[in-house]
Amino acid sequence: MSKYTKREINQDSRLLDLPPELRNSIYNYVLATDDVIKIPASGKPKRPPLLQVCQQITDEATLLYYSCSKFSISAGKRLKILRRWILSLEEKERKCLRSITATREVSGKTATMLAGFSTAVLQTEHREQQAAVLDTIRQREFEDVHASHQTFTALSVLGLNPERVYFDPPAGPNPQVLISEMVPVEGEELSAVILRYVERLLNDRWVILMRRTKTGLLSGDHDSTVRLSCESVAGLRSEGYTDREIFRLFTRVPREGMES
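Under full-length UniProt numbering, the first residue of the sequence shown carries the number 1, and numbering increases by one thereafter.
Watch out, some of these pointers could steer you wrong.
Unchecked claim - Beta-carbon label-pair distances, calculated as ranges:
{"#": "1", "residue 1": "Lys92", "residue 2": "Leu22", "range": "20 to 26 Å"}
{"#": "2", "residue 1": "Leu18", "residue 2": "Tyr241", "range": "36 to 42 Å"}
{"#": "3", "residue 1": "Glu143", "residue 2": "Arg14", "range": "54 to 60 Å"}
{"#": "4", "residue 1": "Pro175", "residue 2": "Thr33", "range": "30 to 36 Å"}
{"#": "5", "residue 1": "Gly108", "residue 2": "Glu231", "range": "32 to 38 Å"}
{"#": "6", "residue 1": "Val183", "residue 2": "Ile37", "range": "35 to 41 Å"}
{"#": "7", "residue 1": "Val183", "residue 2": "Val30", "range": "48 to 54 Å"}
{"#": "8", "residue 1": "Pro170", "residue 2": "Lys92", "range": "29 to 35 Å"}
{"#": "9", "residue 1": "Gln56", "residue 2": "Arg237", "range": "24 to 30 Å"}
No lab work stands behind these hints: they were computed from the structure.
Cβ coordinates follow ideal geometry from the N, Cα and C atoms, glycine included.
Please put together the full structure from these sequences, using the hints given.
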């Protein structure tokens, strides 16, 4: 049975009286769009009105909706927003996703530390403390990249096609442009540009490493630290494990409340 709440079907619906082939053409006409659908930070996008009419139409048109739509998402620290969304879908829905563009913004404690570092770096004293902060930022970024790698690998085995996920840097000027912006400014203005520059470098590095993970998955070069296979997932499902439980079992991702 579908995961969606069972609704009463209007037996007199003229749409449902049409042949399946014609209904599919109508679904495609209504659902297909060139617009990119942005996934919210909650990971719970609102479905189109057509998919809220009745259970039969939901069952018939949902896969078409995912297969003809383009999605974008700010994936979040350790891909947690992407994870929430993908794990909220049924496996058959994940498998037919047409296109996902994923970006990431430096956030949480790392963003706070970067803001302080971009101001302090202009000062000549306390260089050792600044170096210690920079080391901490590097370590946090390493952990973020590693967790993102594990998450993407696990999601791919749970039905997400890595070929249809595209990792891009967030919108904004590239590092070369930001360097040119530093020349004529000073003080707080310079600190702000330095902050944007370092954030962009970190985000670009994350994109490079995630694209490398994608290439590895498409070539069959799975990381041995994430021991996943279709057979093991199928076995766990047969034992009653949900996909969220399987995900946590293999990636050991902390609870949402523990992530920062």
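Quiz item: That 35 to 41 Å hint for valine 183 and isoleucine 37 (C-beta), does it hold up?
Solution: Holds, since valine 183 and isoleucine 37 (Cβ atoms, about 40 Å apart) stay within the stated range.
Quiz item: Per the hint of 54 to 60 Å, is the separation of the Cβ atoms of glutamate 143 and arginine 14 within bounds?
Solution: For arginine 14 against glutamate 143, whose Cβ atoms are near 56 Å apart, the range 54 to 60 Å holds.
Quiz item: Between glutamine 56 and arginine 237, is the Cβ distance one that fits in 24 to 30 Å?
Solution: Taking Cβ atoms as reference, glutamine 56 and arginine 237 lie about 26 Å apart, which means the hint holds.
Quiz item: If you check the beta carbons of proline 170 and lysine 92, does the distance land in 29 to 35 Å?
Solution: Given about 31 Å between the Cβ atoms, the range holds.
Quiz item: Does the Cβ pair proline 175, threonine 33 satisfy 30 to 36 Å?
Solution: About 34 Å separates the Cβ atoms of proline 175 and threonine 33, which means 30 to 36 Å holds.
Practice problem: Evaluate the given range 32 to 38 Å for the C-beta pair formed by glycine 108 and glutamate 231. | Solution: Taking Cβ atoms as reference, glycine 108 and glutamate 231 lie about 37 Å apart, which means the hint holds.
Quiz item: Taking the CB of lysine 92 and the CB of leucine 22, does the distance hold inside 20 to 26 Å?
Solution: Holds - the Cβ-Cβ distance for lysine 92 and leucine 22, about 23 Å, lies within 20 to 26 Å.
Exercise. With respect to the beta-carbon atoms only, verify the hint that valine 183 and valine 30 lie 48 to 54 Å apart.
Key: holds (52 Å)
Quiz item: Is the gap between the beta carbons of leucine 18 and tyrosine 241 within 36 to 42 Å?
Solution: holds (40 Å)
Hint compliance for this structure: every hint is met.
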